[in-house]
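Protein chains: 2
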Amino acid sequence: MRYIIGVDIGGTNVVVGTVAEDGSRLHGKRSEPTLLSAGPGGTVDQVNRLVRESLAAARDELGGGIEVIGVGIGSPGPLDTQSGTVLVTPNLGWTEMPLRDRVATAAGLPATLDNDANCAVLGEWWRGAAQGGAVVVGLTIGTGIGGGIVLDGKVFHGASDVAGEIGHASIDPSGRRCKCGNYGCLEAYASGPAIALRAVEGLEAGADSRLTEYVNGDLAEITARTVSQAAREGDAFCLEVIRETAHYLGGAVANLLNIINPDIVVICGGVTLAGDHLFGPLCNEVRRRAFRPAVLTCRIVPGNLPGTAGVFGAVASYRAQTGESD
Amino acid sequence: MRYIIGVDIGGTNVVVGTVAEDGSRLHGKRSEPTLLSAGPGGTVDQVNRLVRESLAAARDELGGGIEVIGVGIGSPGPLDTQSGTVLVTPNLGWTEMPLRDRVATAAGLPATLDNDANCAVLGEWWRGAAQGGAVVVGLTIGTGIGGGIVLDGKVFHGASDVAGEIGHASIDPSGRRCKCGNYGCLEAYASGPAIALRAVEGLEAGADSRLTEYVNGDLAEITARTVSQAAREGDAFCLEVIRETAHYLGGAVANLLNIINPDIVVICGGVTLAGDHLFGPLCNEVRRRAFRPAVLTCRIVPGNLPGTAGVFGAVASYRAQTGESD
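Chains as they are written, first to last, in this note's numbering: chain A, 3 to 328; chain B, 3 to 328.
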């Protein structure tokens, strides 16, 4: 069995793992908060260190030498898969960063680059909740909302690697300003921070919720995850915040059903912890809005590779880009 | 040279032509208002008659016997390309109509079925304004707003032939009710009748415009086409209606750039007569909203096969479905 190292770079964490080339096993998982204060080069150094550490740990776990054939990298974009360059990522301070070649040189291995959300969706298709889907659309709900489209097992990149930026489809053209410059983007309503913000606004307006105890009165500690957990435990206010989130997401997913007509929509991120409290009203909203034949064809599921979908997908993207998948 | 008959069935007109299999020529073009009063079977009879008439006219034009290998049909949907069945089209009164086989039997030729808007966009890719595009998204603005996605020269159908229903992506989730049951669909704002309705509403509210003379005071005669013509001639009120239309369309197209990242967006329909008065503000709106790498990659163009894009596309779809395109 040969191995491929998968790298998932996020605005919050960097996760690296050494994955069997058939995706059956992941060894030497390393996860660290992204070093944002170290400057652009510092983050690249961190990635390179974690690649070395993951490989060493995988060798320890497997008791000896293993054959590693390459490194697949998933990174926030926009980026250029052909040249392996990240064009610009404000969070990481990168501009025209030749990330693929930096990592390849440090590792002494061939490398590939793809968008982080594309990788997460591809990972769910390869080894997760979207297995078997021919037309898969995925959303990753975290600091932002990423998205990816996987057709017949291949990431659909569009004409210039932008395809799948579902978080930046507007759901209200005159709505909230988004960081991307557009107005009313889904991300401005349903990202992790947007969910937390809606909860905080409600509490500050006097809503009664156990959420306040959860965070010992420090509202800055509220996240989509804490809101989702409280909702799951029956907190009425948090259930309302989650229903609102489901309403936004459901409208966006309904549009995707009419435009792309997927057989699987996979939704990843901490907010999926809310389970049926999220997916129930979300599916209702989709049924209410999308064409019936599209609704009947489509399953809407939570991702089931939390924390590692991006790593598996970076490996699957490496296989696809290098022709190792055939 | 062999020939394929192309059929474009719309809620307003049925257009049929006999097309050289390489798309180089169209003969025996027949166009008639769709017989809606004749009942579901009556419309099918009309299609079959026009197929016979087109073939006879093509033989006359070409001065003798020609080899015809099949019939490609474009029809409003939703429909099932595999079984050749139109599931339901309220305008034509069809429910579970086995249209493909009805036409094939009458013509004594193999036939294929595809969505009318898919065919129009495929026709523009094959022989029109979208030639050379690898990732083409098209909009057909008429009685409704249809759409189609053509990837590497093939219609992208999605999981159940719904893909490309761009007119029924909502641009305002709490907006105008659409005939499809959803709220705020693009079609409810920017279809031909929606453009005409906005013009009529403005005139009734006292706007001053030469449009009133155009239609001899009969506001019911106002169409997207008359509004577009008056705008082209500098009528200030109609220019405003077109700018508003461009704003709606631009927001929707910006979303498509972020989701699908096309290299060509082709817009078909009478409203494109407004030319730069439409495309100028439309492109501005796209630039304002969509990701820069997606904007830089994409040309937004009017269709250049008015009246025949659907016929050419039905023939191209026949070729693709029967494997005649290789």
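Hints were generated in silico from the structure; no laboratory data involved. All figures in this text were calculated on a predicted structure; none of them were measured in a lab. Mixed in with the good hints, there may be bad ones.
What the simulated footprint calls covered on chain B by chain A, stretch by stretch (three residues with Cβ under 8 angstroms from a Cβ of chain A suffice, anywhere in the stretch; the number is not a length) [unchecked claim]:
no.	segment
1	24-37
2	174-187
3	290-300
Computed cross-link-like contacts, DMTMM-like style, restricted to lysine to aspartate or glutamate with a CA-CA straight-line distance of at most 20 angstroms [claimed, not checked]:
no.	chain 1	residue 1	chain 2	residue 2
4	A	156	A	210
5	A	31	A	82
6	A	181	A	154
7	A	156	B	24
8	B	156	B	278
9	B	156	A	242
From the three backbone atoms N, C-alpha and C, an ideal C-beta is built for every residue, glycine too.
Compare the structure with the hints numbered earlier in the document and write down the numbers of the violated ones, lowest to highest.
Hints 1, 4, 5, 6, 7, 8, 9 are the ones this structure does not satisfy, whereas the remaining hints hold.
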